[in-house]
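Here's the letter readout for the chains.
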Amino acid sequence: MGDIGAFDPLKWQRTFDYLPNYIQGIPMTIAISGAALLIATLLGIVAGVMRLSKRSYLSGVATVYVEFVRNTPLLVQLFVVYFGLAPLWSGNRFIPMAIGLGLFAGAYVAEIVRAGIQSISKGQLEAALSCGMTGTQAMMLVILPQALRRILPALAGQFISLIKDSSLISVFGYTELTFAAKKVTAATFLGFHPYVLVAGFYFVICYPLSLAVRAFERRTARIG
Amino acid sequence: MKFRKVLPLLLIVAVVATIAVACAPKETAAPVVDHFASINAIKKAGKIVIGTSSGYFPFEMVDKNGKLIGFDIDLGNLIAKELGVKAEWKDIEDFTGLVPALRAGQLDLIIAGMTIKASRALEVNFTTPYFATGQAVLVNKDKVKGMNITKAADLDKAGVVISVSNGTTGHFAAERLFKKATIRVMDGSTTAGLEVLSGNATAMVFDLDWIAIYAIDNPAKTFALLEPLTVENLGIAVRPGQADLLYWLNTFLTEYVGNEDYMERYDYYFEAMPWKADMPSG
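Taken in sequence, the protein lines are chains A and B.
Read in order, the letters of the first sequence correspond to residues 128 to 351 in my numbering.
Read in order, the letters of the second sequence correspond to residues 26 to 307 in my numbering.
Hints in this document: simulated from the structure, not taken from any laboratory.
Don't take each hint at face value.
What the hints assert, rightly or not - Derived DSS-like pairs: lysine-lysine, alpha-carbon spacing no greater than 27 Å straight-line:
#1 A:Lys138 with B:Lys142
#2 B:Lys115 with A:Lys138
#3 B:Lys176 with B:Lys142
#4 B:Lys204 with B:Lys182
#5 B:Lys69 with B:Lys106
#6 B:Lys301 with B:Lys166
None of these values were measured; they are calculated from a predicted model.
The shape of chain A in the complex, shown without the other chains:
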């Protein structure tokens, strides 16, 4: 049967010839993931707070959003958003792609935010209310600041997930890391080596971030 040539030095040589191609993909991957994280954080805070609202239409909307996103595949969502929203920004493709990824991650951030808020003891809210604060004031000035500090490590973890998930937008020809590998496959007919290399790049980016998140988690755990 066929040979992949996993240890063929010539094939690796051909793969590494395209190194600049991969290097150019790294900032693109980080840019789209960063933009998506920004959207996801804003959306996630709003949806997370809404989910805990006593007004059922607010919590209802947030619940539908979170459940819909969490129970459909990311790639399908990206197609819907990309081809659905792309005409709105005529020509700018970065925005619909970032929104697609951001909408997806936002649902997970919403759950993180909700858990963060619920982890703040009830006494805090009662104390704030008894000081004469309104519910909104108590949430904005007392509960959320504490909750957000507590969920920072989880948010950083979500960023790592986003970096990996962003590989899916390579289907739209966005020249990020995975797309670099696809281009190399098109030029060299190698289906194995470019992806091993690209996996290495993702690991080099994500592993230090994972370590940082872990250290961060230990620190915040101590502060409580």
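For chain A, the structure is supplied; the task is to place chain B on it using the hints.
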């Protein structure tokens, strides 16, 4: 007695003869070379695994019922029928994934409207051509309002975005022909076409027959420049080292291309197009 004197001699002769026969280099049975090793392997498996990449109509497409149909599909099924085996189709969305899959032994053949190219032939063996086509351009009408576009070269301007499908000959042709326009490389012809339809790209470079049908299907938004940019021959790709299979396929194509069966299929897919009724409405 004379016989008694001769007996020892006879015995010696007999022994020597026996030993000689026993020790003589055995006439080795001629090694059985199977001149049809690859074909027999396929027959033994009872199926031929053919890789394609649907979305390239009318060569390979998926109809309303999810069934793979097309000019290439009929060709592959006919090959299987002729070999007396079942055709097992593997639809690989990413065109660039086909050659690696063939090399890795996951496929026996590639029938995917693949253009015969010397660079590809360093990885796979091509049969003789079974179809001649070329590259054409699909243009978004709104995007070129006010521009007088009559040929592909008119599109080579800064700000024009040309979408292509990664690794296709359209991709290579566009990179050669357009110097000022931006080339946007998409995954597969379907997404590259949608890029034009949705107005994200100004135009697309791809195989002529595909572009022609796409423009007919979307007359409000697109038009086609069908003056061929290149002339290309499509062939079947085989894993190298299977001379018998390659030779047989060439013989098969010599018989098939242009015969009654072929022309009937051609009329069906390229002229009358009754299959359109079975396609999901766009």
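Worksheet item: Holds or violated: lysine 138 of chain A with lysine 142 of chain B, Cα cutoff 27 Å?
Response: OK: lysine 138 of chain A and lysine 142 of chain B at ~20 Å, within 27 Å.
Practice prompt. Please work out if lysine 115 of chain B and lysine 138 of chain A have their alpha carbons no farther apart than 27 Å.
Written response: holds (26 Å)
Discussion item. Check the hint pairing lysine 176 of chain B with lysine 142 of chain B against an upper bound of 27 Å on the C-alpha distance.
Written reply: The hint holds at about 25 Å.
Worksheet item: Taking only the CA atoms, is the gap from lysine 204 of chain B to lysine 182 of chain B under or equal to 27 Å?
Response: Given that 27 Å is the threshold and the Cα spacing comes to 8 Å, the pair holds.
Practice prompt. Please work out if lysine 301 of chain B and lysine 166 of chain B have their alpha carbons no farther apart than 27 Å.
Written response: Roughly 24 Å between the alpha carbons, so the hint for lysine 301 of chain B and lysine 166 of chain B holds.
Worksheet entry | Restraint check for lysine 69 of chain B with lysine 106 of chain B, where alpha carbons must lie at most 27 Å apart | holds (14 Å)
Hint violations for this structure: none, all hints satisfied.
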